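*Asks:* For chain A, the structure is supplied; the task is to place chain B on it using the hints.
There are 2 protein chains.
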Amino acid sequence: MEGDPTLQLRVFDLNCWAIRYLSKRRQERIQLIGDMLRQERFDLVLLQEVRGAKPRAVHGAVPELCHVLGICHMETPVLGVIGSGLCVFSRFTILDTLLYQYSLNGYPYMLQHGDWFCGKSVGLVIIKISGIIFNVYVTHLHAEYCREKDAYLPHRLVQAWELAQFIRHTSKAADVVLLGGDLNMHPEDVGIRLLRGWTGLRDAFAEAKHFEGCKDGCTLIPSNCFTIKTELLPFPLGIRIDYILYKAISSFTVKCEELRTTTGSAPGMDIPFSDHEAVMATLHIRRQGEAASATLSTAELALVDVVTEARTEVGVGLRAAQRQRYSTGRLAVLALLLLLLQAAAVLGTLAGLGGQPFPKLSFSLLAFLAIGILLLATGLHLFHTIEVKMLQGTEEQMRMVLRALQERPSDG
Amino acid sequence: MEGDPTLQLRVFDLNCWAIRYLSKRRQERIQLIGDMLRQERFDLVLLQEVRGAKPRAVHGAVPELCHVLGICHMETPVLGVIGSGLCVFSRFTILDTLLYQYSLNGYPYMLQHGDWFCGKSVGLVIIKISGIIFNVYVTHLHAEYCREKDAYLPHRLVQAWELAQFIRHTSKAADVVLLGGDLNMHPEDVGIRLLRGWTGLRDAFAEAKHFEGCKDGCTLIPSNCFTIKTELLPFPLGIRIDYILYKAISSFTVKCEELRTTTGSAPGMDIPFSDHEAVMATLHIRRQGEAASATLSTAELALVDVVTEARTEVGVGLRAAQRQRYSTGRLAVLALLLLLLQAAAVLGTLAGLGGQPFPKLSFSLLAFLAIGILLLATGLHLFHTIEVKMLQGTEEQMRMVLRALQERPSDG
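Chains as they are written, first to last, in my numbering: chain A, 1 to 412; chain B, 1 to 412.
Isolated chain A, as found in the complex (with noise of 0.2 Å):
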């Protein structure tokens, strides 16, 4: 088994911004994609924010992409109106996949931002390449809208552990794990210490031979013409957000050649791909006696630590939860007697009780203004209810692993 040649994997990962009706230049970007993808004959091929006539947009770009990688889609819509967004490309035969959505995606009045449209889930597609079991996941987590007060954390925060209990679930049998997506959040962030801490996932960038593309690795840069210059104000560099992870489970070893972005513009265009910078990664994979676990136990130590600083996030955002679930419920209530009070006023008169009548206008605008208030008070409880919950579940979830952590330390 020791002398098993070396395979070698191309992947390649990129959030498009192909949303219908809402991205600049959205044909021109995905014909941009399509040829370059085209050209390059990349093995694997993750791509998140594809919404419209996706992937047969993709397809219809580059007709012999069905033909020279081995075809699949994975844009199955998920519960709300809004589809996932994800599409995967495999140059090998795909055995089976699975579409995992999220418990929880942000907060309703962020609509304006795209990335509210997807986000809500994450795909798995098994391949088996000379007998290798590879489980590639792609995924699109939430965005992060203000870095110095961040509401969304605590929602990201149960977006990772989602995805970090999703992928150990079901690698169980996997030989190689993939992921590649777009997870917002910077390298050093609870969640993805989190994601990698949990999962045992290895991060291409930090891990790469070589690298070449953007300083840092980032994948959100100034200089790309579709980025939101102030949102990268306080990072003249840009972040990097988009990742490449993997790791090998049985006996075998994944190893980074090679790790690049795209920087900007398309070679010889005036446009970039997307607002966001491509990852794309060599990954050489070899099969070997053992399975190098060096410092489990040192691992697991970190790991109690990132968890329990995990639940303290969940447990802040929790907490903030319930407080507007207590103040929308109050706001619904008192919406409520208003009204009751002004029916009253009405059989009042109408039973000719009350003396003077009421002025008609003020009157029916107050109604109006009390019949908006409860029904978007309402609407706003139930979600912090749903919201409460949900953070309940990841805290309770969380206090679980820890104990279970705590109680055998050496056992992964």
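Calculated from the structure, these hints are not laboratory results. Since this is a predicted model, take the numbers as computed values, not measurements. Some clues are possibly wrong.
Because identical chains cannot be distinguished in the list, a pair is counted as satisfied if it fits within a single copy or across any two copies.
[Stated by the list, open to error] Here are the computed lysine-lysine pairs in the DSSO-like style, where the Cα-Cα straight-line distance is at most 27 Å:
hint, residue 1, residue 2
1, 172, 229
2, 255, 209
3, 255, 215
4, 24, 389
5, 24, 255
6, 360, 215
7, 128, 209
*Replies:* What follows is chain B alone, placed relative to chain A:
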């Protein structure tokens, strides 16, 4: 290993019909269920349709339950407004949990049916007993409202398929797999055959050495005072739609020693525990040299047949959904045209072009009607669009699996 003692596991499964505001005599029945669970001391309790103060409601009714059973609730709410309604108690420490949401959940115009509020997800609970890893699944699939003209069949098939896929993908490291729940399908239905064939799970009722309870193991019986008698008219004995299924994966065997159901009213009471009967199984688990994998190739052939049959049904549903998507879309366009026509007429009158003014009341009524139809038709159109994509996705997955099955008939 051969001499290992037999492990006995007592499993309880019940659709509790405990949805706040919707279910009759809910508190009273929860109390009854709690009392019974306290007396019987099962190892695993799998409940569905527990919605409201649950699982505290069940805890509250049975204060000791938290201590007696190892505690665990899995009332993690899902994306919709409504929680999963699933609840698990285990006498053994729960190592980990995962909740998976189904993509399709019936038609929105069936809101009056209580179980539309549940039946959205499958929960996985992992426990370890004497070194044996148990993956315990609990779920609640869609109800069937009319057996003759079952418009839901494709939706239930999609759910059965997703359930089977979820179990397959997450149970790779388990020694024993258990599934309990209200599957809302008769034993011979294509969905049950698909689930059994694709996961290898066996039906505790069919395998039980001793059986005691309702004739044919029925779990929805006419003599239960809460069942809807007209729905059971074609089935004088009742129907069997609640199941406990199991299988051993690695070198273990599972045998069902005894299966029992409740038979309507609770002992000494005038009301039953629920509108469903509970299913109680006593399982014997033994370590064994070799997993019993008899007649694999004939099973595979049967599997190809059942997947083909399911795929045909999903295809029928797909074409129906495509027709509905088309007709609701057309209706929306017509309503929009009517509105535009009215707007043009109003503008014409305002500009002093037209002759007579319109009768105001009927004009406004028509406008309201058009707006109502527009909103409704657009909503339905969106729903059917999602439905079409979902059914397409499932059909595609089944096609992929069939290809894989036919290519390698000896590989389970």
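*Asks:* Against this structure, judge whether each hint is valid.
*Replies:* The hints, checked one at a time:
1. For a Cα distance limit of 27 Å, the shortest separation of residue 172 from residue 229 qualifies neither inside one copy, at 42 Å, nor across copies, at 47 Å.
2. When the C-alpha separation of residue 255 and residue 209 is checked against a cutoff of 27 Å, the pair qualifies only within one copy, where the shortest distance is 8 Å, while the shortest distance between copies is 54 Å.
3. For a Cα distance limit of 27 Å, the shortest separation of residue 255 from residue 215 inside one copy, 21 Å, qualifies, whereas the shortest one across copies, 61 Å, does not.
4. For a Cα distance limit of 27 Å, the shortest separation of residue 24 from residue 389 across copies, 25 Å, qualifies, whereas the shortest one inside one copy, 37 Å, does not.
5. Proximity of residue 24 and residue 255 under a CA criterion of 27 Å is satisfied in neither setting, with 37 Å inside one chain copy and 61 Å between copies.
6. Taking CA atoms no more than 27 Å apart as the test, residue 360 paired with residue 215 passes in neither setting, with 66 Å inside one copy and 67 Å between copies.
7. In this assembly of identical chains, residue 128 and residue 209 lie within 27 Å of each other by CA distance solely inside one copy; the values are 26 Å within and 41 Å between copies.
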